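J.: Hey, can you work out the whole structure from these sequences and the hints?
These are the residues of each chain, in order.
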Amino acid sequence: MTKEIHLAKQKRRNQKIAFGLFQFTSYAVVGLLFVILAFIVIKGIGVISWEFISEMPKEGMTKGGIFPAIVGTLCLVFGSMIFAFPVGVLAAIYMNEYVKDGWMKKIIKQMTNNLAGVPSIVFGLFGMALFVNKLEFGDSLLAGSLTLGLLVLPVVIRTTEESLKSVDDTFRQASLGLGASKWQTTSKVVFPIAFPNIITGLILSIGRVSGETAPILFTVAAYFLPKLPTSIFDQAMALPYHLYVISTSGTNIEASREMAYGTALILIIIVLISNLLANALRKYFGKKVKMN
Amino acid sequence: MLSSAATSITVVLIVFFLFIEGAGVFSKKPIEEGFLLAVHASNPINKLEPSQVKDIFDQKITNWKQLGGKNEPIVLFRTEDITEFYSEEELGENFEYFPAKIDEYVSKTPGVIAFFSDKYKAKDFHGKELEINKIKIFEFLSGEEWFPTAQPIAQMGVKALIYGTLWVSFGAILLALPIGLAAAIYLSEIAKKRTRNILKPLIELLAGIPSVVYGFFGLVVIVPLIQSVFGLPVGETGLAGSIVLAIMALPTIITISEDAMRTTPRAMKEASLALGASHWQTIYKVVIPYSASGITAGAILGIGRAIGETMAVLMVTGNAAIMPHTLLAPLRTIPATIAAELGEAANGGLHYQSLFALGCILFLITFCINMLVELVTNRGSHKKH
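Chains as they are written, first to last, in this note's numbering: chain A, 1 to 292; chain B, 1001 to 1385.
Hint data in this document are derived by calculation from the structure and do not stem from the laboratory. Please note: incorrect hints may appear among the correct ones.
DSSO-like cross-link-like pairs, simulated, lysine-lysine; straight-line CA separation at most 27 Å [what the hints assert, rightly or not]: (1) 11/A / 1269/B; (2) 134/A / 1134/B; (3) 1121/B / 1134/B; (4) 1028/B / 134/A; (5) 1134/B / 1047/B; (6) 134/A / 1029/B; (7) 1028/B / 1047/B; (8) 1193/B / 283/A; (9) 283/A / 1134/B; (10) 1192/B / 11/A; (11) 16/A / 1192/B; (12) 9/A / 1285/B; (13) 1269/B / 16/A; (14) 11/A / 1193/B; (15) 1136/B / 1101/B; (16) 1200/B / 16/A.
To give an idea of the chain B side of the interface with chain A (calculated C-beta under 10 Å), a few residues [claimed, not checked]: (17) 1005; (18) 1011; (19) 1075; (20) 1212; (21) 1213; (22) 1251; (23) 1308.
Simulated restraints on C-beta separations [unchecked claim]: (24) 1063/B / 116/A: 53 to 59 Å; (25) 1224/B / 100/A: 55 to 61 Å; (26) 106/A / 1134/B: 39 to 45 Å; (27) 1131/B / 272/A: 57 to 63 Å; (28) 1268/B / 101/A: 25 to 31 Å; (29) 1232/B / 53/A: 33 to 39 Å; (30) 1134/B / 63/A: 49 to 55 Å; (31) 1228/B / 38/A: 54 to 60 Å; (32) 272/A / 1227/B: 27 to 33 Å; (33) 6/A / 1268/B: 25 to 31 Å; (34) 273/A / 1328/B: 37 to 43 Å; (35) 1371/B / 227/A: 43 to 49 Å; (36) 1230/B / 53/A: 38 to 44 Å; (37) 1285/B / 100/A: 37 to 43 Å.
These numbers were taken from a predicted model, which means no experiment stands behind them. Note that the Cβ used here is the ideal one computed from N, Cα and C, for glycine as well.
T.: Below is the structure:
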C-alpha cells in the first residue's frame, strides 16, 4: 500500500516537473520574441525621425534617411500584389468552386505546395534568368515585382481557398435554389462573404513581400541610388536589402550601425502592423459572419 | 482556369530555367573563356582532367612521368612570367611581340605547361594546345574545393557547401525540436484556452519577422555572444547560424505539431485518464504517439526552411568555403554562396552557371523534403482511418 502511494506521489512529482518545464519553454519562446523586438525598438527608436524617413541617404549611407528604400519597398509591394492578388484569387476560386475532386485538383494542390516550399534564393535565381536576362527587363521594378509576386502566389491561393471553404454550403445551395447560375452564386454570394478573409490574406502577403531580400538581390535592388524610381524599368532601393547592405558591407559599418537599427525598426513596424491588422480583421469579420 | 495553373507553370518554368543554366557547367571546359593551356609539341600528353591541371599548378605534380608522359620536370608558365625571360624592348612597347615570344619560349622548353590568353597565341603556334575534360557531375558533387574563379582551372566542388548547409540545418533542428515540442505540448494539452489564445499568435508573429532582421539581430547580438562565450577569434560561426535558424524554425515546428496534437480524439485521452494514467502519462503514451506523423512533418518542414534560408545565414556564418569540422568555425551554405557570388559572376559564364547548378541542388533537396512531408502526413492519416 505504501509503495503505491509512493508511486503515485512520484508520478505527480514527475508530472509537475515536466509541466513546469513545458510552461517555462513556451514562455521562453514568447520571451524571445519580446527580446528581439525590444532590442531593435530600444536601439532604433532614437534614430527614427521625420528626417530619417523622408530624406536621401548621405555620406556613404551613414547619415541622412532611408526615403528611397521605403518608396522602393512600397513600389515592390504594390507591383507584386497587382500581379499575385488577382491571379491567386482567381486560381483559388476556380479550384474551390469549379474543379471537382480528382487527380487534376491533386496535382495543382501538390504544385502549389511545392512552389511554397521553394527557397526564396531560388526564386531570385529564377527571376534573374527569366525576367532580367531572358525577357530583358534588366534589373528593374518590373522584374522584382514579378519575382516577388510568384513567391507569394501560394500564400494568396492558400488563404483565399481557406476563406472560400469557410463559407457555409447552405449559402451556395440557397442561391442555386433561387435560380442563380454558378457564376452568379460565386460572384454575388460566395465571394462577398469570403472577401474579408481574402483581404486578410492580402495583408499577410504584403508583410511577407516587404521583408523578402533574397529574391530582389539580383532582380531589382540597388546598393545606393539617391533618386526615386521613375518607371517600372528602373532599379530601386528596398528596405530589407538596404538593411543587409549597411549592416554587412557598407562603406563604414560601424558608422552606419545607427542607420541599420533604424531601418530594422521600420521594417519590423511594417511587418508587425500588417500581421496585427490581419489578425484583428480576422477576428472582427469572424464574429460578423457568424452573426449573419 | 489559366490562373489556377499559374503555380504549376511557375514550378515547371523554375525547373526549366534552373536546369538549363545549371547544366551548362557540365558542357563547358572549366577554364576561363579566352584562355588556353599549351605544352611543348613533343609532349605525348593531349588531354588532362581538371583536377590534374590543378595539381600541376599547385605543384603537387611536378613531373610529366606522374601523368604517364616522359620523364621531364614540369615547368609552369603564366603570361606574366614572360618578363623573366625577355626584356621589355624584346616584347615591344604595346606587347606586340608577346605571341612570338611566348611561342619561342614554349618551343624551347620541353617540360613546359603554359597558361595564357587566346590573343597571345601566335598564328603559327609551335606548341600543342591541351584539351581539358569537362567537369563531371560526380566531381562536382564530391569535390571539396569551391573556387569558381580560380586560375587556371575553376574549382567547383560543392561537397563543402552541401555539408555546411546540412550541418547548420541539423544544428538548428537539434536546438529547435525539443524546445518546439515542449511548447507545442504545453499549448495544446496543458495551457488554459485563454493563455493559448494569447501565446499562439505571439509565437506566430516570430514567423513574420523578416529573415534579414533575424540576420541583423544575429550579427549584433548572437555573434559577439558566441565569440566571448567560447573565446573564439571570430564569432561568425556555424553555431551562430544554427541558433538564428532555430529561432526561425520554432514557429513552424510549434504550429504544425500543436495542430497535430489537437487532432487527438477526446475519447482516446479520456479512456487513458479513466484507466488511471496521469495527465503526463496520457500525453506521452497517447497524444504524442497519435500525432507522431504530424510532429515529424513539422520537424521535416523546419529542416526544409532552414536549408533554404539565405539572408540570416549569409550574415552570421562567416562564409568560409571549407569542409566543416566543427560548428564553432565559419562555414558556408549553398543559399549563402548563391547570394554572395551571383552579383559578381559574369552573365552566362561558367561561374554564373555553377551557381545555377547550386540552385538546382537546393531545389532538389527542398523538393524531396516536401514530398517526404506529403508522404508522412498521408501515411499518418491512413493509419487513423
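J.: Can you give the numbers of the hints that this structure goes against, from lowest to highest?
T.: 9, 15, 19, 31
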